[in-house]
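Residue numbers (our numbering), protein chains in the order written: chain A, 1 to 451; chain B, 1001 to 1451.
If you're looking for bench data, these hints aren't it; they were derived computationally from the structure.
There may be inaccurate statements among the hints.
As the list claims (entries may be wrong) - The following label-pair restraints were derived from C-beta to C-beta distances:
no.: 1; chain 1: B; residue 1: 1277; chain 2: A; residue 2: 107; range: 34 to 42 Å
no.: 2; chain 1: A; residue 1: 331; chain 2: B; residue 2: 1263; range: 38 to 46 Å
no.: 3; chain 1: B; residue 1: 1158; chain 2: A; residue 2: 356; range: 44 to 52 Å
no.: 4; chain 1: A; residue 1: 356; chain 2: B; residue 2: 1005; range: 26 to 34 Å
no.: 5; chain 1: A; residue 1: 331; chain 2: B; residue 2: 1242; range: 41 to 49 Å
Claimed, not checked - Beyond 12 Å from chain A on every Cβ pair, some chain B residues (computed):
no.: 6; residue: 1057
no.: 7; residue: 1194
no.: 8; residue: 1205
no.: 9; residue: 1253
no.: 10; residue: 1254
no.: 11; residue: 1266
no.: 12; residue: 1308
no.: 13; residue: 1341
no.: 14; residue: 1359
These numbers were taken from a predicted model, which means no experiment stands behind them.
The beta-carbon is built from N, C-alpha and C at its ideal position, and this holds for glycine as well.
There are 2 protein chains.
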Amino acid sequence: MSHPSLSPLLPRLREELFEFLRIPSISARREHKDDTRAAAVWLRDRLERAGMAAEILETPGHPVVLGEWQEAGPEAPTLLIYGHYDVQPAEPLELWTAPPFEPSVRDGRIYARGVADDKGQVFLHVAALEILLSQGPLPVNVIFLAEGEEEIGSPHLLPFVERHRERLAADAVIISDSAMFAEGLPSLLFSLRGLAYTEIRVRGPRSDLHSGAYGGAVPNPATELARILASLHDAGGRIQIPGFYDDVVEWDEETLEGIRTLPFSPEAFREGVGAPGLHGETGWTPLEQLWVRPTCEVNGLLSGYTGEGAKTVLPSEAMAKVSFRLVPDQDPKRVVALLRDHVAQVASPHVSVEVEELHSGHPWRARPGGPFFEAAREALEATFGVEPVLTGEGGSIPIVPEFERILGAPAVLLGFALPGSNMHAPDEWFPEAHLEKGIQTLLSFYTSLRS
Amino acid sequence: MSHPSLSPLLPRLREELFEFLRIPSISARREHKDDTRAAAVWLRDRLERAGMAAEILETPGHPVVLGEWQEAGPEAPTLLIYGHYDVQPAEPLELWTAPPFEPSVRDGRIYARGVADDKGQVFLHVAALEILLSQGPLPVNVIFLAEGEEEIGSPHLLPFVERHRERLAADAVIISDSAMFAEGLPSLLFSLRGLAYTEIRVRGPRSDLHSGAYGGAVPNPATELARILASLHDAGGRIQIPGFYDDVVEWDEETLEGIRTLPFSPEAFREGVGAPGLHGETGWTPLEQLWVRPTCEVNGLLSGYTGEGAKTVLPSEAMAKVSFRLVPDQDPKRVVALLRDHVAQVASPHVSVEVEELHSGHPWRARPGGPFFEAAREALEATFGVEPVLTGEGGSIPIVPEFERILGAPAVLLGFALPGSNMHAPDEWFPEAHLEKGIQTLLSFYTSLRS
């Protein structure tokens, strides 16, 4: 299925996307609460202008934007398109080449916080739907659901979906919030890792003390935290929390074989991330470490004096943010419980230690095949001229397994970002050319569902 | 030797001290450079008004304030009074009950950054000299030296003392920058620990990465830093850096016996600092751990995301401030070299690690006895009505051993703060009554030197 050139429309679409990106909808920050709502309002208005019935539905946190076009009739399939309009915090700001909320284009890349994850990709769907609805009725019913809390673990989305399960009834869930395997090589996802994100706090003396006057006799919470963190892995990168691997199921040989045949250079990957070396669980390749193996990462550390120069303080507290990526069938609640047991086991009795669960999500494994998966595969091939590959995704979209469970509909994940797009990092970018190619793919996808 | 009551003078002296304390002379912070100089100017002016010849002498950093009164003649002994007019940073500001640079009095304590360490104690000497000089000539020559870089490791004081060694020639060095052993129990110091303060930086990927998309295959610098820090001590609190204890000399039985007879309750000490337990090198009592044993402390930790909520970042860098307190005859340069060797040994080859030396000082051991030490002992007993005890000090005053080496004069350390005075911590305080008692002691001390 071919479509007329999008070229005449692109300048306007690009300007609209930039408008969306300029709204600092950082869901994690209280001070950006109004901005986050402003992004929801922008999106609702945009869906209405595209020809859908759209509204903002409140949750105890940031609201959900819901757009609906149900005129294809009860015989036609219904697609639930899911995305999120919130973004990660932009810190450290000094590492951005240009301001994160002022989109800029350099060397064929659009740079802005959220351009890849996920506002840019949400916008592809809005634009495709607008174009199709301006031409006539769609062959499918469409429900468009964008939440504002994905980056803080979607705390209110699951109850929302459960409460509205009838209104959200669909035959497939379509999500564009990921990357292609490589430039020119589109992909469909076969997995997402789950997540268990915690904060570990160690408390020693009541207040910060002089490290000379007190050091040596008073427990140091930063030292004790380091000992806890060092106990999480063995030298081979294997997680040492007792029971952690109990629920990990083996992957089928076909999937593992598919991973092995992907064009992937560990050395190019290492150069891309700019680390002196790669390091992961012994016995697995980097792609396996990223897609089919669980991991434990320290996401943040804070204690004592961290400014310029030397301050001889014995800190009162030390904090680490520690998160786990999970694979089927690990359960995030169980992993946090195992972490708590382990920390209680290894922590010094001379300090107090607390493990708080900040958020979590289950891992997901795709069910390839079926009409929607095949339609996505064909649309990608039609636009990019290459058959898409099946890939895993190390990140998490916690609602995906929940959608499948509650709605009984398979999820299809086709993403248009590229590897190294700095999602969650400074200088996040999205390929300028994929604004057109993404919309083109989605136009093919939607129209191919005409039965 | 008795003196007329100081009561009529106290309100004015207190107001002058408060004026001094209001100047935020934080030597570690570039933005307080002018404030630090303002404190020097204030002190010079105050010394001149007390009747001394005073001037500001430049260094490559913050200046030295030098006051001189040499009219007792070449036969009379000369005292070098040393102190510092700079203060520690005041962070974390939110833990101060009242603003750190607005002195306040609560429950008999004066609260302000620097009131104990060391502006308040410097001021005791200024006030005592003013009172004595208003009554007639002093029995001793006095050189008053206050530096502005003690809290950043006195980087320019040693060359200053070496350059001015003839002008600074003295028979004793008098320092008030420490605490009494307990309320009502004055003390003279027999030791100071040395210091080696470093910053360890671990670098992994070039920039922060998404911990889902990259976690598991890319080395995590925060995890690697934790492993390095955890390698510094064994479970018994003994430092595991090879060679670290090589130069530690045994203390004499008299000193150790003196420590054992001091009135000290570990449980009261633990309650005072508010920690769940005490923890130090196995086989030594808390006072020994603080005074005669070396230590290694983590003073600060920073990596990745440390704000509210969850950010799934794999950090690019991780930093720890790590310092050592040293005892005779450990050498700070050698300790840093041993640390570097140890870190190179234990660090992962997949990250890059750097150990920077931020500052250092040698340990010091007093030579008790001699006329100045005895005069200080008698003055303390006259004021407080109790014979002073000999105590160690876990903190460092790096210039003390250098003064002794360059000037060939013994140092006498008599301090008027009290334990738990929060030097280097929020809510630093000094007992209100010790403004009078400190001046009284120093009046007795100076006048008793009349031969």
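Hint by hint, here is what the structure shows:
no.: 1; hint: 1277/B to 107/A: 34 to 42 Å; in the structure: violated (57 Å)
no.: 2; hint: 331/A to 1263/B: 38 to 46 Å; in the structure: violated (56 Å)
no.: 3; hint: 1158/B to 356/A: 44 to 52 Å; in the structure: holds (48 Å)
no.: 4; hint: 356/A to 1005/B: 26 to 34 Å; in the structure: violated (58 Å)
no.: 5; hint: 331/A to 1242/B: 41 to 49 Å; in the structure: holds (44 Å)
no.: 6; hint: 1057; in the structure: holds (23 Å)
no.: 7; hint: 1194; in the structure: violated (10 Å)
no.: 8; hint: 1205; in the structure: violated (4 Å)
no.: 9; hint: 1253; in the structure: holds (21 Å)
no.: 10; hint: 1254; in the structure: holds (22 Å)
no.: 11; hint: 1266; in the structure: violated (8 Å)
no.: 12; hint: 1308; in the structure: violated (6 Å)
no.: 13; hint: 1341; in the structure: holds (19 Å)
no.: 14; hint: 1359; in the structure: violated (6 Å)
Going through the hint list in order, the structure does not satisfy hints 1, 2, 4, 7, 8, 11, 12 and 14.
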